[in-house]
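Numbering-wise, the sequence shown is residues 1 to 283 according to the working numbering.
Don't take each hint at face value.
Simulated pairs of lysine-lysine, DSS-like, Cα-Cα distance not exceeding 25 Å [claimed, not checked]:
| # | residue 1 | residue 2 |
| --- | --- | --- |
| 1 | 275 | 206 |
| 2 | 198 | 177 |
| 3 | 258 | 179 |
| 4 | 130 | 157 |
| 5 | 130 | 154 |
| 6 | 177 | 276 |
Ranges between beta-carbon positions, derived for each pair [as the list claims (entries may be wrong)]:
| # | residue 1 | residue 2 | range |
| --- | --- | --- | --- |
| 7 | 210 | 263 | 39 to 45 Å |
| 8 | 130 | 173 | 39 to 45 Å |
| 9 | 153 | 235 | 32 to 38 Å |
| 10 | 283 | 109 | 31 to 37 Å |
| 11 | 191 | 95 | 36 to 42 Å |
| 12 | 220 | 47 | 36 to 42 Å |
| 13 | 43 | 210 | 23 to 29 Å |
| 14 | 61 | 258 | 16 to 22 Å |
| 15 | 276 | 37 | 28 to 34 Å |
| 16 | 272 | 94 | 20 to 26 Å |
| 17 | 218 | 61 | 37 to 43 Å |
| 18 | 218 | 89 | 27 to 33 Å |
Just so you know, these hints were derived from the structure itself, not from any lab. Heads up, the beta-carbon is just placed ideally off N, CA and C, and yes, glycines get one too.
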Amino acid sequence: MRQLSLLLLSLFLVTNISAQKIIKEAKNNFNNFALRVTKVVIPGTSLLDMSIRDAVIKGWKVSPYEFCTTQEYEKIKEDTSFFFLLRTDGIFGNEYEPRLEFLTLIKGGPEFKRGLFYSAEIISLPLQAKDDDSGEILPFVPAYISIMQNYIYKVQKGILRAFTGESSYGENLSEIKGKPILFNSSDIGFPTREDEIKWTFRDRAKCVTGDEIESALNVPAPETIVGLVISPEGNPKGGYCYKLLIGAENHELYFFKKHKIGSRLQAGFTREDIKKISLPYQR
């Protein structure tokens with residue numbers, strides 16, 4: 001019994017020391033972020049690459065930054081004195097090849113299997129389906145740059161956010177009451193009756209075209225919130241679908257959630273999502 005107690009005590013001490021080390025490293029990463037250069041990897045001259053470059057020039061304020069090519073990144077990616085903002089492929093546990101592309105902010109460090117990084121990932125946002133060249137994400141890129149910086153500021157105020165995963169990116173539904181919401185008609189993942197979205201939100205939400213959402217982002221509509229859905233090409237069963245609500249003007253992330261696509265849940269905002277999002281409008 002005494003040996004068992006000693007063993008349990010040793011395990012507790014080791015676990016506690018490891019946890020403290022992880023928290024300390026996370027604090028250093030976030031608190032010193034403004035002192036480190038963020039290398040923005042621009043692999044080519046596609047519209048998406050140029051949109052990311054332009055959004056960084058206009059909106060990146062949280063740290064010094066420099067642009068670099070993929071070739072330059074490969075030479076310095078293990079340098080822990082840099083942070084890197086780059087496009088990455090996302091592979092979930094049940095997938096053999098990437099179906100989604102992400103915009104990822106990460107600290108330099110050694111890689112290990114399947115292209116994952118040993119050093120801390122700061123934040124990673126779903127960007128588009130793999131090899132998507134439709135350009136539908138382009139109007140959202142400036143908002144993504146703001147969301148990433150806002151997340152860093154929030155974690156600097158409360159480090160525990162860094163350990164709660166994607167759920168800490170944004171869940172501010174209490175702040176959306178009364179604000180108009182624009183959903184892309186194709187982003188509703190369940191059959192709806194005529195004007196169902198409109199009356200569910202007490203006439204403060206509606207389904208519109210992608211062009212109308214783009215206009216709300218390009219000429220920021222005050223107080224307006226826009227919906228965004230990112231899912232794999234063809235919406236295959238087992239793939240993951242991300243749902244976001246973003247302020248068109250302030251770029252605040254109000255809602256961030258994902259679900260696995262299947263026979264019961266199609267890609268898009270689910271009925272449960274709409275029920276949850278609409279609650280502030282019904283009080």
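These are the hints, each one checked on the structure:
1. 275 / 206: At roughly 14 Å apart (the allowed maximum being 25 Å), residue 206 and residue 275 satisfy the hint.
2. 198 / 177: Since the Cα atoms of residue 198 and residue 177 sit roughly 14 Å apart, the hinted pair holds (cutoff 25 Å).
3. 258 / 179: With Cα atoms ~23 Å apart, residue 258 and residue 179 stay inside 25 Å; holds.
4. 130 / 157: violated (34 Å)
5. 130 / 154: violated (30 Å)
6. 177 / 276: With Cα atoms ~12 Å apart, residue 177 and residue 276 stay inside 25 Å; holds.
7. 210 / 263: 39 to 45 Å: violated (27 Å)
8. 130 / 173: 39 to 45 Å: violated (30 Å)
9. 153 / 235: 32 to 38 Å: With a Cβ separation near 34 Å, residue 153 and residue 235 satisfy 32 to 38 Å, so the hint holds.
10. 283 / 109: 31 to 37 Å: violated (46 Å)
11. 191 / 95: 36 to 42 Å: Distance hint for residue 191, residue 95 is violated at roughly 28 Å.
12. 220 / 47: 36 to 42 Å: violated (21 Å)
13. 43 / 210: 23 to 29 Å: For residue 210 against residue 43, whose Cβ atoms are near 26 Å apart, the range 23 to 29 Å holds.
14. 61 / 258: 16 to 22 Å: violated (28 Å)
15. 276 / 37: 28 to 34 Å: violated (40 Å)
16. 272 / 94: 20 to 26 Å: holds (22 Å)
17. 218 / 61: 37 to 43 Å: Distance hint for residue 218, residue 61 is violated at roughly 21 Å.
18. 218 / 89: 27 to 33 Å: holds (28 Å)
Going down the numbered hints, you'll see the structure goes against 4, 5, 7, 8, 10, 11, 12, 14, 15, 17, while the others check out.
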